[in-house]
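My request is simple: use the sequences and hints to build the entire structure.
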Amino acid sequence: MTSTLTPRPVERQQPERPGTPPRRRTRVLALPEARWAAAATVLFLLALPLQLTGAPAWTWGPLYALSYATGGWEPGWEGLKALKERTLDVDLLMVVAALGAASIGQVMDGALLIVIFATSGALEALATARTADSVRGLLDLAPATATRLNPDGSEQAVAVEELTVGDTVLVRPGERVGADGRVLDGASEVDQATITGEPLPVPKERGDEVFAGTLNGTGALRVRVERDASDSVIARIVRMVQEASETKAPTQLFIEKVEQRYSLGMVAATLAVFLVPLAFGAQLTDALLRAMTFMIVASPCAVVLATMPPLLSAIANAGRHGVLVKSAVVMERLGQVDAVALDKTGTLTEGSPRVTDVRPLPGSGLDEGEVLALAAAAERPSEHPLARAVVDAARERGLDLPDARDFTSAPGVGVTAVVGGRTVAVGAPARLLDARDGTATEPDAADGTAVTREEFGRTAADLEESGRTAVLVVVDGTPAGLLGTADRPRPDAAATVASLARLTGSAPVLLTGDNPRAAAHLAAEAGIDDVRAGLLPQDKLDAVRELQNAGRKVLVVGDGVNDAPALAAAHTGIAMGRAGSDLALETADAVIVRDELAAVPATVALSRRARRLVVQNLVIAGVFIAGLVVWDLAGDLPLPLGVAGHEGSTVLVGLNGLRLLREGAWQRAAAGESG
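No gaps in the numbering here: position 329 of the sequence shown is 328 in numbering that gives the first Met the number 0, and each next residue is one more.
Bear in mind the hints are in silico, worked out from the structure with no lab data behind them.
Be aware that one or more of the hints could be misleading.
As the list claims (entries may be wrong) - Listed below are the simulated EDC-like cross-link pairs for lysine to aspartate or glutamate, each with C-alpha atoms no more than 20 Å apart in a straight line:
hint	residue 1	residue 2
1	Lys325	Glu585
2	Lys552	Asp541
3	Lys552	Asp538
4	Lys552	Asp529
Pasting the structure below:
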């Protein structure tokens, strides 16, 4: 068996009509390996009854010869190329064994070896093809062309690869969106289940994001392209899964390293099995037959095929359910984790904060509407989620937002802008005041308009006590008000935490930059006891290293730029893909494209199941090899039985690995069954 699974290029085909999911499964006979194996099998089955019924050799001999050629030419050629590079390939040994059997008159036995060997090779190719199938459907869903709107208002049909960031495309009712972008005009409902997993079409209007390949409903949309075709969500999925298929897990690399030495030792042992009996007077035919049988049954075909099919099948199955595991190494490592660290915002929560409270501070001279309007005007140029929440809250109240100028932003501190001639700063209370070097006004008995730190400190504490995140608004150096924001926990947060605790044997840790009270409030809802709040990116990294120094294999789940260092340092990192930052998506080892938090424990359970199948396969292969070798050396193992036993174990191992392609494997993993 070849020890490398090389994925075939995924060809792009268009669905027959919009809204109809294209075929996502490769037909078995579409694989060259399967066709050659089928041809060899048919020729063998035609020759066998002729031989058994006593027909002349000229009737069945050519059929056997053709069976040898069709089933053995490809592995033989690959083996010769490997030999040219001074590598002894198992494929070549199997072909030599078959020809050796034919040379001593065991033509049927050699043909049987070729047929079963070719069949096991076809199974290997099928495992690779099924992995490619996990992304072919998404490729098919992405349209080949899009309607671009030119500056003069004319329409032009162009290939989606020609679209550039900033282009405007028209998406008519019933068409698929041609590129990732944002709606400029129009309203519709878009079916984006293939990307996000949402079961119902999602309303889209001005300002909403849409993804390439999703299906537009009854309205027309004008969309501004925000990502090149090569950087779209679908393209990332394709690239990540294909890259995963090209990698090898540590177990596979170890097997391949041992395989070379084992094969050389097996050749030496085969020569000994042949020469030693000859030295003691055995007949040439009997010695050669025993040696050929030994070479066949001692071959590590099943061992070579033990690792990659289960891991690739798990990668393909996870990919179908919106989880991109970037390599076979990652799929193997996921099953080893025994500790989990979770981010808060965007991971355990939906990542869409909303303003729940507006508290003008005594002495500021501003009411709720004025505080919110000034804060929203200053925050409007910012892309921070909290900034969007403040702006959305102001718009929901119908407030007029004046223009802001001299906008500046300090990461981790807040924003500053001049609004209507007044300097407005919005940000975290403690850090904002510290950054202003104590310039906030102290009490002034003359006019009574100033506010002490104690006063807004009490108000901030009151907000945080109720699980809110406090945002301070400072106007002309004076604290003018506090905004309370909150983020909704994901509906499946508590169930996910419980599943991860059950899988790893310890409750997850919450790592967040949010305030301790808000973090504790969410942790209580999710069932987390170990809460570490107010963390900067370096603090999260230190927390992960602390767990690792204690001997834990840590899985980090996050979505933001501040999670990237921890994701990179962890044993394994998973990013939430829907709202995840580019840095987090690139740093993580796996991506949850559909943003379903419950997919995290399901993927861990699936990985553990894949690792169990690898162990099962290695045991099956070892038992068959050891048993058949002992039988051949200590007894009289018939060549056909040796062929059937050895290659049968290879087929069994291959089929066992493909079990993880089934839908039931994911369902059991999602139910928390890792075994």
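Here is how each hint holds up against the structure:
no.: 1; hint: Lys325 / Glu585; result: 10 Å, holds
no.: 2; hint: Lys552 / Asp541; result: 14 Å, holds
no.: 3; hint: Lys552 / Asp538; result: 18 Å, holds
no.: 4; hint: Lys552 / Asp529; result: 17 Å, holds
When each numbered hint is compared with the structure, no violation occurs for any of them.
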